[in-house]
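J.: The listed protein sequences correspond, in order, to chains R and D. FYI, this note's numbering numbers position 121 of the first sequence as 121, with every residue one higher than the one before it. FYI, this note's numbering numbers position 125 of the second sequence as 326, with every residue one higher than the one before it.
No lab work stands behind these hints: they were computed from the structure. Beta carbons: idealized from backbone N, C-alpha and C, even for Gly.
From the derived model, a few chain D residues whose C-beta atoms are all more than 12 Å from chain R:
#, residue
1, Gln347
2, Gly350
3, Leu365
4, Ala383
5, Pro384
6, Glu386
Listed next, the in silico DSSO-like pairs over lysine-lysine satisfying Cα-Cα at most 30 Å (straight line):
#, chain 1, residue 1, chain 2, residue 2
7, R, Lys81, D, Lys283
8, R, Lys81, D, Lys282
9, R, Lys73, D, Lys203
There are 2 protein chains.
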Amino acid sequence: MKVLEDRIRQEGLILSETVLKVDSFLNHQVDTELALEIGREFGRLFAGQGITKVLTIEASGIQFAMAAGIALKVPFVYAKKKKAVTQAEQMYTAPVTSFTRGETYQVSISRHYLGPDDKVLIVDDFLATGAALVGLVTIVREAGAQLAGVGCVIEKGFQEGRGLLEEMGVRVHSLARISSMAPGEVQFVDHNDPIRIKEKV
Amino acid sequence: MKVLEDRIRQEGLILSETVLKVDSFLNHQVDTELALEIGREFGRLFAGQGITKVLTIEASGIQFAMAAGIALKVPFVYAKKKKAVTQAEQMYTAPVTSFTRGETYQVSISRHYLGPDDKVLIVDDFLATGAALVGLVTIVREAGAQLAGVGCVIEKGFQEGRGLLEEMGVRVHSLARISSMAPGEVQFVDHNDPIRIKEKV
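The task is simple: from the sequences and hints, build the whole structure.
T.: Structure below.
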């Protein structure tokens with residue numbers, strides 16, 4: 001998705017060989033028009049498959065699940081990272097280890113909102129180690145729902161996430177696929193020249 | 202907002218005299234069309250004020266900040282609940298005690314995304330004790346930004362949140378204002394008869 005790669009070039013900050021910061025437009029401050037465009041692209045990629053529900057994980061997947069839900073005209077569900085007082089009923093759960101935070105937490109989804117009648121599109125902001133997405137795929141299967149596939153906004157293709165999902169038989173679409181990063185430089189899959197972007201400030 | 206009150210009557214679950222669960226359509230599973238309508242209503246209430254940015258707090262404010270951002274054609278920013286590896290720069294911070302979780306956390310917003318040139322609309326899913334919203338108002342003022350007001354989807358009017366915000370001189374709009382709840386019964390401000398809704402199952 002060219003408009004997305006352009007924004008990553010213009011505004012992305014590489015903090016290390018594995019950490020790309022895009023919080024000026026994707027996951028802290030959010031460009032609503034770009035988020036809607038991302039949703040339309042997911043809608044186009046997964047059109048005509050009878051998707052009933054978009055699934056993501058709090059917090060930074062929510063804006064893209066909402067945008068995909070708008071495009072596909074279906075509700076979305078976001079998995080929660082721990083139990084709250086208002087979540088006493090039966091839940092589907094899976095353990096997830098966060099790449100950026102370095103901690104393991106439980107993700108959970110109410111059994112009321114996912115079941116055998118659903119066909120699910122999972123979306124998230126990043127595909128890196130794949131931990132969160134593997135957790136969501138596991139939950140979709142436990143619920144007996146069908147999985148149309150996984151849509152990610154940015155994929156760090158040099159990490160193991162895509163491989164893990166494909167081994168599980170999951171179709172993966174990423175809108176910007178990074179093949180390598182180094183301070184000041186990001187290279188996308190299918191682009192031959194490394195593109196210089198801003199170093200950490 | 203009648204469509205919202207109707208959904209609360211149809212699908213809301215009262216877990217106690219202070220806890221209303223709306224996670225079938227607002228903050229776990231999300232009805233995207235209703236969320237967009239909520240955004241349009243915030244857009245109508247705060248039209249013509251030169252708002253540059255919508256502000257909320259992760260996670261359950263995000264869908265409504267996105268919807269308001271779509272309606273007002275501006276970006277939104279969501280405050281984070283703790284520091285991550287990718288947030289090393291200078292932050293505005295405020296302590297917030299969660300009503301539903303019973304714990305205190307730090308909310309933070311990058312100084313890059315809020316400043317004296319901004320006119321801000323704060324939105325959130327619930328107004329109850331007002332703790333999260335008071336924290337966001339404090340941050341907006343620390344940033345030197347102007348505050349257009351606060352928009353809440355559901356207000357528990359029998360708790361102290363509105364009073365705290367109004368004492369700070371903040372304009373508050375809620376789309377559904379609950380005056381009292383008891384198991385099986387919710388009463389909205391400006392409605393004379395208690396409306397029966399489902400008890401906890």
